[in-house]
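**Q** Got chain F; can you put chain R on it based on the hints?
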Amino acid sequence: MATDSSSRRPTFLADHFDTAEQQADAAKLGMWVFLGQEILFFAGLFVAYGVFRSWHPDVFSAASHALSKPMGTANTVVLLFSSLTAALAVRAAQRGARHQTTALLLVTIACALAFLVVKYFEYQHKFHTGLLPGQWFGVPRTFPGGAVMQRGEAAPALPAGAGAFFSLYFVMTGVHALHIIVGIGVLTWILIRNLRGQFSAEFFTPVDNVALYWHLVDLVWIYLFPLLYLID
Amino acid sequence: MSQLEPRETVAGAEAPSTHGGALRHLGDVRFYVAVFVALLCCTLLTVAVSSVHLGALNLVVAIVIASMKATLVVLFFMHLATGSRFNAMILIVSLMMVGVFFAYTLNDTGRRTEVDVDQSAKVSPATGLPAPGGAD
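Line order of the protein sequences matches chains F and R. For the first sequence, the numbering used here assigns the number 1 to the initial residue and increments by one for each residue that follows. For the second sequence, the numbering used here assigns the number 1 to the initial residue and increments by one for each residue that follows.
So here's chain R without its partners, still in its complex pose:
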């Protein structure tokens, strides 16, 4: 057994590898507080932007800001910046699968057609024009 001495390292710097980075890395308190302040600023920003009418861009801006916050939490509070790369891979693969889930589902639900009773024809709700697909 090697000696396991707690070791002070500057946050963001390479953790000592001899004793396993995830176990030994010790962040600076001021750094954690700075991350928290950044998260608060992002929250205020997203609330402020929500009252500005940007149309479809509102959703994009909200998702981008939320993802910035999520990145801060994952990298620094959850220590993926200094922790195991393999753990990071598990997270990234999960998020890719969420992307597949969204893409295939919305590609389906966004193209479904409704039956126009008056014309007895399938029409796309988006365009109002005759559209293929759906059950007979």
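Chain F extracted, bound-state conformation:
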């Protein structure tokens, strides 16, 4: 059924769209609806944080000092830089510069992995010093790759209720880290598609949408960092 007009249709353009712009706008709208859902999903955790902090402001302040500010700051810089490289990867894809897109996606993935490595050492320290959620608070646990410290060693004396802070700390940073892991997955998928030459200056919507997701992961961390690490 190759009519004159359909033979000139680009291969990336689905049948139910009239133009490439319409297809790109629809895909992007869908992505923004998903991002809106992500914001509301994280809002549940932020509201829980708000409730417990308003009930126990002193406990949150004391427990916050047990977190490593330098590690948190380093991870913030790493994530912000990965957002820059993700934005530049989209720009490269827009220009049809395939090799540049590949390089920038690789840097973004490397930053995501670096973030997880720092997070691993942070969690390890929390486990070894017993800075754990709820009923486990105060009892040092084993964690892969290091010696268990004695109770009280290296960990500051904290009020008993600090377990609530570490419950929120582990759930919020844990769910965020899960988003980082998913991000590494989708960035890798986009990297492979780019290497196969599936994107061009006319069609780069998947690169755009994955970058949008990655920026959202960055946005969540922008709020998590001061709320968890920088209390007074």
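No lab work stands behind these hints: they were computed from the structure. Note that the Cβ used here is the ideal one computed from N, Cα and C, for glycine as well. It is possible that some hints are incorrect.
[Unchecked claim] So these bits of chain R aren't anywhere near chain F, every CB distance computed over 12 Å:
hint, residue
1, Leu44
2, Ala70
3, Gly83
4, Arg112
[Said to hold, decoys possible] Some chain F residues near chain R, calculated using beta-carbon distances under 7 Å:
hint, residue
5, Ala74
6, Thr76
7, His215
8, Leu230
[As the list claims (entries may be wrong)] Label-pair ranges, simulated between beta-carbon atoms:
hint, chain 1, residue 1, chain 2, residue 2, range
9, F, Tyr120, R, Ala88, 32 to 38 Å
10, F, Phe12, R, Ile63, 17 to 23 Å
11, R, Ala88, F, Gly44, 22 to 28 Å
12, F, Trp55, R, Arg30, 44 to 50 Å
13, F, Gln124, R, His53, 45 to 51 Å
**A** Frame of chain F; chain R shown alone:
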């Protein structure tokens, strides 16, 4: 099908509308780097301010700086400044709903009372005075 030629535009300027703004807008690399540097400055600022004791203002300052950073990311990295207004509306409505979520929940949890066993009376933890509400 119209021709889809990549078109250089200055970041922040109006994107060409004939081919769909979101698809065609191409930012300047130096502009993206400038946004990143601004984000770094905000991060250093928020870390520096956190060691200054401002009392309750510490939380306000932290949230304001974080929101400045979030605005930079949303407008320029996520292209809402030059992209579809409808997409911006989805984000704004989501944030308004987060506001409703916070307001109603904190209005409840902030007014709950505790039972004072010695006096067998409900008292507000904030004031220590008899307070209404709660289960009997």
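**Q** Run the C-beta distances from Ala70/R to all of chain F and say if the shortest one exceeds 12 Å.
**A** 5 Å, violated
**Q** So does Phe12/F sit 17 to 23 Å from Ile63/R, Cβ to Cβ?
**A** 42 Å, violated
**Q** Do the numbers back the hint for Thr76/F, that is, is its least Cβ distance to chain R under 7 Å?
**A** 5 Å, holds
**Q** May I ask you to check that Leu44/R keeps its beta-carbon over 12 Å from the closest beta-carbon of chain F?
**A** Not fine: 8 Å to the nearest Cβ puts Leu44/R too close to chain F.
**Q** Taking 45 to 51 Å as the hint, is the beta-carbon distance of Gln124/F and His53/R inside that range?
**A** At roughly 31 Å between Cβ atoms, His53/R and Gln124/F fall outside 45 to 51 Å, so the hint is violated.
**Q** Honestly, do Ala88/R and Gly44/F meet the 22 to 28 Å range at C-beta?
**A** Holds, at about 23 Å.
**Q** So is Arg112/R really clear of chain F, every C-beta pair being over 12 Å apart?
**A** Arg112/R is in fact no farther than 12 Å from some Cβ atom of chain F, at 9 Å.
**Q** Are His215/F and chain R close enough, Cβ to Cβ, to be under 7 Å, as the hint says?
**A** Hint on His215/F: holds, closest Cβ of chain R at ~5 Å, below 7 Å.
**Q** Under 7 Å, Cβ to Cβ, is where Ala74/F needs to be relative to chain R, so tell me if that hint holds or is violated.
**A** Constraint on Ala74/F not satisfied, violated at 10 Å.
**Q** Does the beta carbon distance between Tyr120/F and Ala88/R stay inside 32 to 38 Å, or does it fall outside?
**A** Given about 37 Å between the Cβ atoms, the range holds.
**Q** Far enough from chain F: is every CB of that chain over 12 Å from the CB of Gly83/R?
**A** 7 Å, violated
**Q** Determine whether the Cβ-Cβ distance between Trp55/F and Arg30/R falls within the hinted range of 44 to 50 Å.
**A** Holds: the Cβ-Cβ distance is about 47 Å, inside 44 to 50 Å.
Hint compliance for this structure: hints 1, 2, 3, 4, 5, 10 and 13 are not met, and every other hint is.
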